[in-house]
Amino acid sequence: MSDSTPAVSLESRPRLPRGVRLVHNEAHGGWVLLAPERIFKADPTATEVLKRCTGEATLDSIVNDLATSYAAPRERILADVSGLLRGLAEKKLLEL
Amino acid sequence: MHGPVGMLAELTHRCPLGCPYCSNPLALDPRASELDTQTWARVFREAAALNVLQVHLSGGEPGARRDLVEITAAAHSCGLYTNLITSAVGITPATLARLADAGLDHVQISIQDSEPVSADHIAGYQGAFARKKELAAEVVRLKIPLTVNVVVHRANVDRIGAMVELAIRYGASRVEIAHVQYYGWAVRNRDALLPTAEQRARAIQVVEELRTRHRGAIVIDAVTPDYYSRFPKPCVGGWGKRSLNVTPAGKVLPCHAAESIPGLEFWSVRDHSLADIWANSPAFNAFRGTAWMREPCRSCARRDIDFGGCRCQAFAITGDARAADPVCHLSPHHDEVVALRTRQRDVPYSYRVNAKSTVRGAGGHTQ
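Going line by line, the protein sequences match chains L and R. Position 20 (the first sequence) corresponds to 21 in the working numbering; numbering is contiguous. Position 193 (the second sequence) corresponds to 209 in the working numbering; numbering is contiguous.
So here's chain R without its partners, still in its complex pose (with noise of 0.2 angstroms):
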């Protein structure tokens, strides 16, 4: 068996945003429930002792933590490579000073579009794509590199370049340009994201262009609208192969996604080690290697380059998470695939609301 080479560590599900693309669960983990600092403290260790190479700090917002600073030098004293993935908004200038302080090696912004507006429409946040380029600006002066994301759909995919233009702007090394996954909360505004066949080619085309405009300006990096696909994507690089994750509450899932899936038992750092749930948790176990596959899949010439797909994207359509990832031309069930791509409709967002969250409700904290 592998090791991980990374965690993304959920610190919390507190977010002022209320991106309607979120793909974080529907029942979120209450602040009451977060794991204590010198829990992640241990996690840490205990992930720097299983080879864990990579940490990404996310959430929700990981500004939303007042313990961020403490967590992130927690994470870096352990040797591990330190990853902030943050919408900027509860990330003060004074705050990342710290974090660089504490040695935070990267920081990844989302952004929404290149035209204000409508970002900050999208992200259900007025004035969000201010406080963006502020603390953008703040990173690169502060020398940590920094990676734009940006999540496009149909309302902001025909804007690629300009988004591509605004984070060579901001001064980014690196853009991710990430067409939405329909998990969690984004399933619910699927209609009105899924981009039309038109918009997805040629999205796909623009993005080589602009890698060869760019080259040796930014790095592109892509990830491919999967309903269009021939094959499924290799979620998280196979299950309980490269990475895990670790909720707000602590559970460990080998997914981000992973509770989608009934049945399966995660189990929790607060009752395990990282080392033990790896090898040992049942979630883990459950679609590790390639003995629990059906036909297509068990057959299947690539079942060691994608591993049947995504098991929560083939439970979300098929019902079945031992099936086949529907999204794979060879599954029974890709008809249902296809006939998801034209069911765009304008109807309006559904935001997330997070009403607890303190970046907004402190006010001071941000302001």
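Excised from the complex, chain L in its bound form (with noise of 0.2 angstroms):
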């Protein structure tokens, strides 16, 4: 991740753009994100999180929650899931 890529703002609604889902296919072992012509397999983490950008929660509370949900550390899974998000942001997977 490069370091001119800005932070991501706490009340950001992040959420998947059109074009772009969350489907879950057991064939293809669990969940998969569908993007344009590119297909890519989403692990258990970024899995919770993605389902979680509706565009309607901020990435605070969607961190609030994740913290609650697994009992860890509310920065240290900040600092994760920013950095999933900032991720896949440039990959035009998800609008910030």
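Quick caveat, the hints were computed from the structure, so don't treat them as lab data. Misleading hints may appear alongside valid ones.
[Stated by the list, open to error] 25 angstroms max Cα-Cα, derived BS3-like pairs, lysine-lysine:
id	chain 1	residue 1	chain 2	residue 2
1	L	52	R	159
2	L	92	R	249
3	L	92	R	159
4	R	149	L	92
Join the two chains, each given in its own frame, into one complex according to the hints.
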């Protein structure tokens, strides 16, 4: 991740853009992200984050939710989720 | 055995453009042989049941089909991710709006060059450049994600940067830079299309620079010119492993160019279900796995990485579809590929002539 990439605001409401869909398919190993002419396997962590990227929830509330659900330190979750979201946004798989 | 994840649905071979690099076969399926709407709808249901996730609606120019909206709706209603691959010539704004309502997920528009005169010359169609710009604007206005596809060759490879900038101006979220692959019609124009070694080296460097410069603005996917690779491409992700291709007349192929290999027996969706074809058709089983391989592939450490490369290319250059793809430096025929790299000749393009194209013939459909 480049340092020039802006930090993700706690107020942003991440969502999957049109043309990107998270779907579950057992035959292909579980959750997959369907994108323009590409398919990505979503690991369990990414899946839990992506399910919450509805365009309604703020990053702040997503992180709080995950911290509660997984009983993990909030700061650690914020760093991990922000990094994941930035990477996805750069690939045009997420809108921040 | 894996199930396929993607299906290329070649709805028609009719196309208003005459691109010299067209990879469709020399013998095109005539309009009268094309599958009808109901058959495509059944094929999509069978594809979804086979766990296909994405369907690429292609051709020819899919806009030549008057039932394109119904076909797209049928694919969408099975839960398939629908991708329209179009030249933009033949899709009106009204049709595009109906496609958006039918659930179209993504549009890919091909461009031939960043220079209008050259672009229309390569396409063999006056005014194509302008039409692409207009349709791209409509796609973006309807908020459908857009990919711009650029096929690069000797005449336009020096303008990759300008073509990527054009894609950004169009509002595309992704641009695909694909060097010509020499199958079907493109083989006829190989000498006129081949980039020079200098062009190819610069192109690889330019793509890396563009990725850095436009990071976050557009995703750049690039397909390298494989006559210059050391190892062959893992063609279609492995024969009968990841994808399938349905021709306009309903034949099911493991890859787009598979009909160029003589002696393969293809089954049709008119006679068999897609699941039956995937599992049992002789063509799909011909090169599945690694048992068919000869040396140097059979004992190669990379045999499960690139699957011996492309079967069609192996046949086209060595005359044996079981041979190693001669792009591989380990192939005993590799020197023939090396010799092809320097065969540039400035000869006029041999254009595809699609006399029966209704897109051009019907006039009112697109004007």
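Structure-based check of all given hints:
For the suggested pair residue 52 of chain L and residue 159 of chain R, the alpha carbons sit about 22 angstroms apart, so the restraint of at most 25 angstroms is met. At roughly 23 angstroms between alpha-carbon atoms, residue 92 of chain L and residue 249 of chain R fall within 25 angstroms of each other, so this suggested pair holds. This hinted pair checks out: residue 92 of chain L and residue 159 of chain R have alpha carbons roughly 17 angstroms apart, not beyond 25 angstroms. Between the alpha carbons of residue 149 of chain R and residue 92 of chain L the distance comes to roughly 24 angstroms, so the proposed pair stays at or under 25 angstroms and holds.
Every hint from the earlier list agrees with this structure, and none is contradicted.
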